[in-house]
Amino acid sequence: MNDIHHHPDQNNGPAVDIGTAYGMKAGTHDPFITEVGPGTPCGEWMRRYWQPIALATDATTTPTEIRILGEDLILFRDKQGRPGLLYPRCAHRGTSLLYGRCEDDGIRCCYHGWKFDVQGHCLEQPCEPNGGSKLELARQPWYPLQEQYGVIWAYMGPPDKKPLLQKYDIFEDLEPDEYIDATDMGRSTGGLGKRFISPCNWMQHQENVLDPSHVHILHVAFSGYQLAGKSDRPTMDEPWKFEYVEDGVRETNVSYYDDGRRVERIFQCRFPNEKRAADPYFRAGKFHVLGFTVPVDDTHILVITISRFKKNQPQLHVQLNLGGKAWDQMTPEERRDTPGDYEAQTGQGGITLHSEEHLATSDRGVVMWRRAVRKQIEIVQAGGDPAGVNYDPAKQTVIVGNGNTFSTVSEVPVTAKKVVDSLV
Amino acid sequence: MNDIHHHPDQNNGPAVDIGTAYGMKAGTHDPFITEVGPGTPCGEWMRRYWQPIALATDATTTPTEIRILGEDLILFRDKQGRPGLLYPRCAHRGTSLLYGRCEDDGIRCCYHGWKFDVQGHCLEQPCEPNGGSKLELARQPWYPLQEQYGVIWAYMGPPDKKPLLQKYDIFEDLEPDEYIDATDMGRSTGGLGKRFISPCNWMQHQENVLDPSHVHILHVAFSGYQLAGKSDRPTMDEPWKFEYVEDGVRETNVSYYDDGRRVERIFQCRFPNEKRAADPYFRAGKFHVLGFTVPVDDTHILVITISRFKKNQPQLHVQLNLGGKAWDQMTPEERRDTPGDYEAQTGQGGITLHSEEHLATSDRGVVMWRRAVRKQIEIVQAGGDPAGVNYDPAKQTVIVGNGNTFSTVSEVPVTAKKVVDSLV
Amino acid sequence: MNDIHHHPDQNNGPAVDIGTAYGMKAGTHDPFITEVGPGTPCGEWMRRYWQPIALATDATTTPTEIRILGEDLILFRDKQGRPGLLYPRCAHRGTSLLYGRCEDDGIRCCYHGWKFDVQGHCLEQPCEPNGGSKLELARQPWYPLQEQYGVIWAYMGPPDKKPLLQKYDIFEDLEPDEYIDATDMGRSTGGLGKRFISPCNWMQHQENVLDPSHVHILHVAFSGYQLAGKSDRPTMDEPWKFEYVEDGVRETNVSYYDDGRRVERIFQCRFPNEKRAADPYFRAGKFHVLGFTVPVDDTHILVITISRFKKNQPQLHVQLNLGGKAWDQMTPEERRDTPGDYEAQTGQGGITLHSEEHLATSDRGVVMWRRAVRKQIEIVQAGGDPAGVNYDPAKQTVIVGNGNTFSTVSEVPVTAKKVVDSLV
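Each protein sequence line maps, in turn, to chains A, B and C.
Per our numbering, the very first residue in the first sequence carries number 278; after that it's consecutive.
Per our numbering, the very first residue in the second sequence carries number 278; after that it's consecutive.
Per our numbering, the very first residue in the third sequence carries number 278; after that it's consecutive.
Derived from the structure by calculation, the hints contain no laboratory data.
Treat the hints with care, as some may be off.
The list makes no distinction among identical chains, and a pair is therefore deemed to hold if it is satisfied within one copy or across any two copies.
Mimicking BS3-like on lysine-lysine, the simulated pairs with C-alpha atoms at most 27 Å apart in a straight line are [stated by the list, open to error]: (1) Lys411 x Lys302; (2) Lys444 x Lys588; (3) Lys602 x Lys518; (4) Lys652 x Lys444; (5) Lys471 x Lys587; (6) Lys302 x Lys438; (7) Lys518 x Lys411.
In isolation and in its complexed conformation, chain A is listed as follows (with noise of 0.2 Å):
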């Protein structure tokens, strides 16, 4: 017997069990700040900006379904290169685009040849007299794209509210043997595979960022180092710091090298879904990365991170490993031993239960990015634009400021003064 009790009528025993889960309430998530659907508040406010939705290798003359948002859309390019993103089913009688074909200036049914452009135009109907007489009634549903940095973004809010699409002061201006890559491989959160999806809500992995003490704990002392090396690693010296910022929630932690140096690491969280952190190699600099949490629907997400390389050098993505095996290596007893982002996070299920939540103070980027969300999304409700929409030309570029600064002139880390190792 490993568990002694004894009924309340002995008088002998300890009193009554406490705490059991017998009578638990159904915990509830907080759909404000989570869900994304058409007509949310949170799916509102993410559709004022400009949204990274493929990358654009993704758009092909061959097209191909995608979920943004909650929304079934069909990604496809025209023969003059021009990507276009349309409502599924056709505007006639409704077959999908998915069997259409691409031609020159769009895309045709394959059920009745209506041909539409990228930006839903019918162009022809070619079963009717004359090629359809009213070909401007059957427009089809389509959304604005533009490519930069590798990457197709979509606008897909109200049309008139449609702001310039920003560049990053980062991935501009770049040397000669620099470029720009982008990829969906969600590799921090798990898969290598092209456009990996995880099965989260995209809160549970953009609170990451702002999650110092995860790295500790699940990178480190659960799973051994997933990712940078034990002998690249510093203390953690003095507390982490939050800030509200005017684009997001900032965090700043400050660590010591044995040898004297030491090194303030500045992390992000940008309005509405973009993420920065700096170097997880403790590289010095600004990190000429971005990652973005892009909403599949309420409980998917696909991860595109774009970053600025130099051909002479290999690409360091940052990917979770456990003895030189990548996750999609792993088999699924292994992943459940050395679990990373991607276990943590779906690990909370689709939308993580916010009434059962115990936080505390180390919560306090996470409480504060919620909060930050919330009053953004207020903003819009209430009429307005939120933080980071922008209609000015002249503030088209966006400064980056995340990234590890060395308070010496080396930018070559010395091996590590004491690392959290009572827990590995």
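Following the hints, complete the assembly by docking chains B and C onto the known chain A.
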């Protein structure tokens, strides 16, 4: 940048985007003419006719589960050769008769051995005193069946309205070298597999028959002569004619060959779910083939086709193919690239969204068929007998009129003058 | 034509069809005695008893997910050897403890390292100042466990009603050559796989015990001696007797052998979900086997069986077979052709439709068990203690009475006089 837009505040660019998918209302389907479950308007209409539910060879002494009109049933054959169609749950304690044993006079449930005949009479309750004293109280719900033309027909409607099972002139009075063949392989729709079930509503398949334009786009221009070859196809020189007839909607189209021959082709949708075509290979005369678009449930169909063949001729089933490949030999990518009826019809979804359609002049046949169906359903709702329901043995044989009629005696088509080649 | 019917208007044939499936009302189940989720009448009754939820060997230092009574839980064992059953979502931020690490005194969540013991006490919050200052506020919901007879028993009911865990006379006072074995392989129900779960409501399996007629039909006449062989089986010469007893419903049946021996066999369903049989191989004496029909949820069960064996004898588990093949070695077709308990019980559906049943005299045991269960549930609803719940250590050992009692001293059955061979 492929797509330059400016904010309206800037007053320097094109107007705000029009016709985007933002704010689209959710589409709806018309349940009145599509949904077929018990008690639905369309379902009650369908149930006023004998329905072909399976091939005669499907009813064997091994029970099998089938779903028809949204009802799950068990089809079997007793050892006297009588087919039976019973509600699956044994009247006793509900175990599925799928596990039953077919005996000479009925089927016996595996659990406690109650035996039922093909009309649901309980014949035996072996564990009850004297084999059961009130057998008549345990009637197993059943449906009457008839076998004809290699097909099993069920009457699933109100018992006091059961009509006579129709015969068809094209399948009667066989010559010694002729025979009737039935198939449920869904050849023109897609698969060759046994009892091939397509995931779409019955109207999506049925409408295809009165939709001549899709032939020229889907089967010719788009996917490259999926039916008759290029050289076998005349031009379309006269407008298509659609007519309401007593028992459905009929389409007539006329074409001319280079050599002056004129061919008049007649197609028909007949109430409730019968379909008749003209020979797609342009052979002259009545087309000795009937099809039935049998609803499995609201979003699935089974297509049963009955043909009259000559013994010394190859069976020429209508079968889509491309480059000699049948549908079920193609990869998913090949199907996407050369879509046929299956892709076009299932690409409309489980039930298409009528509210989003933009019907045009070439949809005239579809529109007329929907109207005609609606009217028949309303007749049933008003307590009347719908068209085609017959109680008079003198009128039991239906005269079929579809086919190709040539104005010259030649039955061999010659090279076509012109095809809709511009899109090929 | 197999079935000739005439329309009533014709006045020349049989009357209109009777008893067809047309217009059947949808069947319903009785939720009162079947549904087991938190807060349901039956579920609250079940929760008043210690439930066998897993084998002792299922609780290891690798956490595992289990579902019991509709609740998802994590089973684990700390390195001191104590089993734990916790709510899966970490009290902190909800990551599943499936990814937790078992330590000496509890389980640690992978995400931020909070550690809980088997009673849900939070022992550590490593990222909080000083390891967490208010650990007692973060109690992880838990259930008390005990280990006995190789099984883990959980009490999932109201804490102030927790009874003593029962012992059974047949499993106590082992001789040196005896041992207790527990299995969750669901042998008589079907599979041999570990933790075999069958898709049906618990009542469908439990009712089987008081349903002697199914043995003669399903296991003998239908599928050919799935249990004891033909020669080991006596006749059924006296009516079955069913009795309400203090803790359930008992069945007694009597049979005679050719040599004049008389065997009296006792079966019982004991509250809430315990089942007791007589040795199906007709060995004399108490049957040293107990089964438990453990509800996984409303439509799934796990069967846990505890047996007392002699070390020098082969384990003779009850296992259905046909021609030497166990259930999980059969093809689906073989299972369909020789159905057993699994097919009969799951063939009734997830929860059988009581509204459609036609109960007869041979269902007397089933009817009595349902009534008895209903009454116990009503006792709980009225605030009372249901039968079998015990707080008195002096009454902790239950005396088990099921088994085969022969009127002669021979324990070796001889050739049976007659079996229900007419149906074989």
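Do the hints match the structure? See the list:
1. Lys411 x Lys302: Answer is between; shortest inter-copy Cα gap is 23 Å, intra-copy 58 Å.
2. Lys444 x Lys588: Classified as within: same-chain Cα gap 22 Å, cross-chain 74 Å, threshold 27 Å.
3. Lys602 x Lys518: neither (34 Å within a copy, 65 Å between copies)
4. Lys652 x Lys444: within (25 Å within a copy, 60 Å between copies)
5. Lys471 x Lys587: Within one copy only: 23 Å inside a chain, 54 Å across chains, cut-off 27 Å.
6. Lys302 x Lys438: Between copies only: 19 Å across, 42 Å inside.
7. Lys518 x Lys411: between (61 Å within a copy, 22 Å between copies)
Hint violations for this structure: number 3 only, all remaining hints satisfied.
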